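Q: Chains as they are written, first to last, in our numbering: chain U, 1 to 110; chain X, 1 to 112.
Derived from the structure by calculation, the hints contain no laboratory data. Errors might be hidden in some of the hints.
Unchecked claim - When the alpha-carbon atoms are kept at most 25 Å apart in a straight line, the in silico BS3-like pairs for lysine-lysine are as follows:
#	chain 1	residue 1	chain 2	residue 2
1	U	Lys97	U	Lys59
2	U	Lys59	U	Lys26
3	U	Lys67	X	Lys57
4	U	Lys37	X	Lys70
5	X	Lys70	X	Lys83
6	U	Lys59	U	Lys37
7	U	Lys97	U	Lys26
8	U	Lys97	X	Lys14
9	X	Lys9	X	Lys70
10	U	Lys67	U	Lys37
11	X	Lys83	U	Lys26
12	X	Lys9	X	Lys83
13	U	Lys37	U	Lys68
14	X	Lys70	X	Lys57
15	U	Lys97	X	Lys71
Said to hold, decoys possible - Now the in silico label distances, taken between C-beta atoms and shown as ranges:
#	chain 1	residue 1	chain 2	residue 2	range
16	U	Ile11	X	Gln50	17 to 25 Å
17	U	Gly51	X	Glu15	50 to 58 Å
18	U	Ala9	X	Glu69	37 to 45 Å
19	U	Asp58	X	Leu112	26 to 34 Å
20	X	Leu27	U	Lys26	44 to 52 Å
21	X	Pro95	U	Glu40	21 to 29 Å
22	X	Asp30	U	Leu49	18 to 26 Å
23	X	Glu69	U	Val19	27 to 35 Å
24	U	Val19	X	Lys83	38 to 46 Å
25	X	Lys83	U	Gly51	41 to 49 Å
26	X	Phe12	U	Ser94	38 to 46 Å
Stated by the list, open to error - Over 10 Å on every C-beta distance to chain U, these chain X residues come out as not near it, computed from the model:
#	residue
27	Asn26
28	Leu45
29	Ile60
30	Gln101
All values derive from a computational prediction rather than experimental measurement. Heads up, the beta-carbon is just placed ideally off N, CA and C, and yes, glycines get one too.
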Amino acid sequence: QQPVQSPQAVILREGEDAVINCSSSKALYSVHWYRQKHGEAPVFLMILLKGGEQKGHDKISASFNEKKQQSSLYLTASQLSYSGTYFCGTETSSGDKLTFGTGTRLAVRP
Amino acid sequence: DGGITQSPKYLFRKEGQNVTLSCEQNLNHDAMYWYRQDPGQGLRLIYYSQIVNDFQKGDIAEGYSVSREKKESFPLTVTSAQKNPTAFYLCATSPGQGYIQYFGAGTRLSVL
């Protein structure tokens, strides 16, 4: 079953922060985050595995709450280059293949 | 140069015609995937293969066919049975299920 992402879209000023959420109705084994620029292929950001860990690089980080079956992506001090559509993909503990959400469109304005 | 090569970048299909999208990888990954993306939508899985000579249907396999005769190659044929083929098609590879998926640059298919 497809994970649910929220919000569907967000507009930021450069330097502002944003949070994108991804939730599932099934027990999760992993959550993958990707960013896609218009007309291009999705680019991998990070993967979080069962265990409630938090990961991050630069000013983008993510958390995974296994009990709540959800993950959040945190974008801090946003830059123009952060604009794009963010997708989460989830794999369930029962071994289902990776399934992507419908995406969150993020626009960062100067 | 390591990576995933999809070709062509743009493809036009005439009504009733079958067309084949190419996906080649030199990452030595076992698993390969085909996704379809419609404007403003997420990625929907068409077919995937976890090993040579084996593949499984994804969520929207009707009107499509694949083969996996070599580890490096996973071509997708859009058949005439697919009545609404206009979309952006993405090929991905990974070392296996549960690992990162890496995407090719995509093929944009349109109907003439």
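Q: Could you run down the list of hints and mark each one as holding or not?
A: Okay, the hints, checked on the actual structure:
1. U:Lys97 to U:Lys59: Violated - the C-alpha atoms of Lys59 (chain U) and Lys97 (chain U) are around 29 Å apart, more than 25 Å.
2. U:Lys59 to U:Lys26: violated (29 Å)
3. U:Lys67 to X:Lys57: violated (30 Å)
4. U:Lys37 to X:Lys70: Roughly 31 Å between the alpha carbons, so the hint for Lys37 (chain U) and Lys70 (chain X) is violated.
5. X:Lys70 to X:Lys83: Violated. Lys70 (chain X) to Lys83 (chain X) sits at ~29 Å, over the 25 Å cutoff.
6. U:Lys59 to U:Lys37: holds (18 Å)
7. U:Lys97 to U:Lys26: holds (13 Å)
8. U:Lys97 to X:Lys14: violated (33 Å)
9. X:Lys9 to X:Lys70: holds (22 Å)
10. U:Lys67 to U:Lys37: The hint is violated at about 32 Å.
11. X:Lys83 to U:Lys26: violated (33 Å)
12. X:Lys9 to X:Lys83: holds (21 Å)
13. U:Lys37 to U:Lys68: violated (30 Å)
14. X:Lys70 to X:Lys57: holds (18 Å)
15. U:Lys97 to X:Lys71: With a Cα-Cα distance of about 20 Å, the restraint between Lys97 (chain U) and Lys71 (chain X) holds, given a limit of 25 Å.
16. U:Ile11 to X:Gln50: 17 to 25 Å: This hint is violated: roughly 40 Å between Cβ atoms.
17. U:Gly51 to X:Glu15: 50 to 58 Å: For Gly51 (chain U) and Glu15 (chain X) the Cβ distance comes to about 51 Å; the hint holds.
18. U:Ala9 to X:Glu69: 37 to 45 Å: holds (42 Å)
19. U:Asp58 to X:Leu112: 26 to 34 Å: Violated: the Cβ-Cβ distance is about 44 Å, outside 26 to 34 Å.
20. X:Leu27 to U:Lys26: 44 to 52 Å: For Leu27 (chain X) and Lys26 (chain U) the Cβ distance comes to about 29 Å; the hint is violated.
21. X:Pro95 to U:Glu40: 21 to 29 Å: At roughly 23 Å between Cβ atoms, Glu40 (chain U) and Pro95 (chain X) fall inside 21 to 29 Å, so the hint holds.
22. X:Asp30 to U:Leu49: 18 to 26 Å: holds (19 Å)
23. X:Glu69 to U:Val19: 27 to 35 Å: violated (45 Å)
24. U:Val19 to X:Lys83: 38 to 46 Å: holds (40 Å)
25. X:Lys83 to U:Gly51: 41 to 49 Å: Given range 41 to 49 Å: holds, Cβ gap about 44 Å.
26. X:Phe12 to U:Ser94: 38 to 46 Å: With Cβ atoms ~41 Å apart, the hint holds.
27. Asn26: Asn26 (chain X) is indeed farther than 10 Å from all Cβ atoms of chain U, at 17 Å.
28. Leu45: violated (7 Å)
29. Ile60: holds (12 Å)
30. Gln101: violated (7 Å)
Of the hints listed earlier, those the structure fails to meet are numbers 1, 2, 3, 4, 5, 8, 10, 11, 13, 16, 19, 20, 23, 28 and 30, in rising order.
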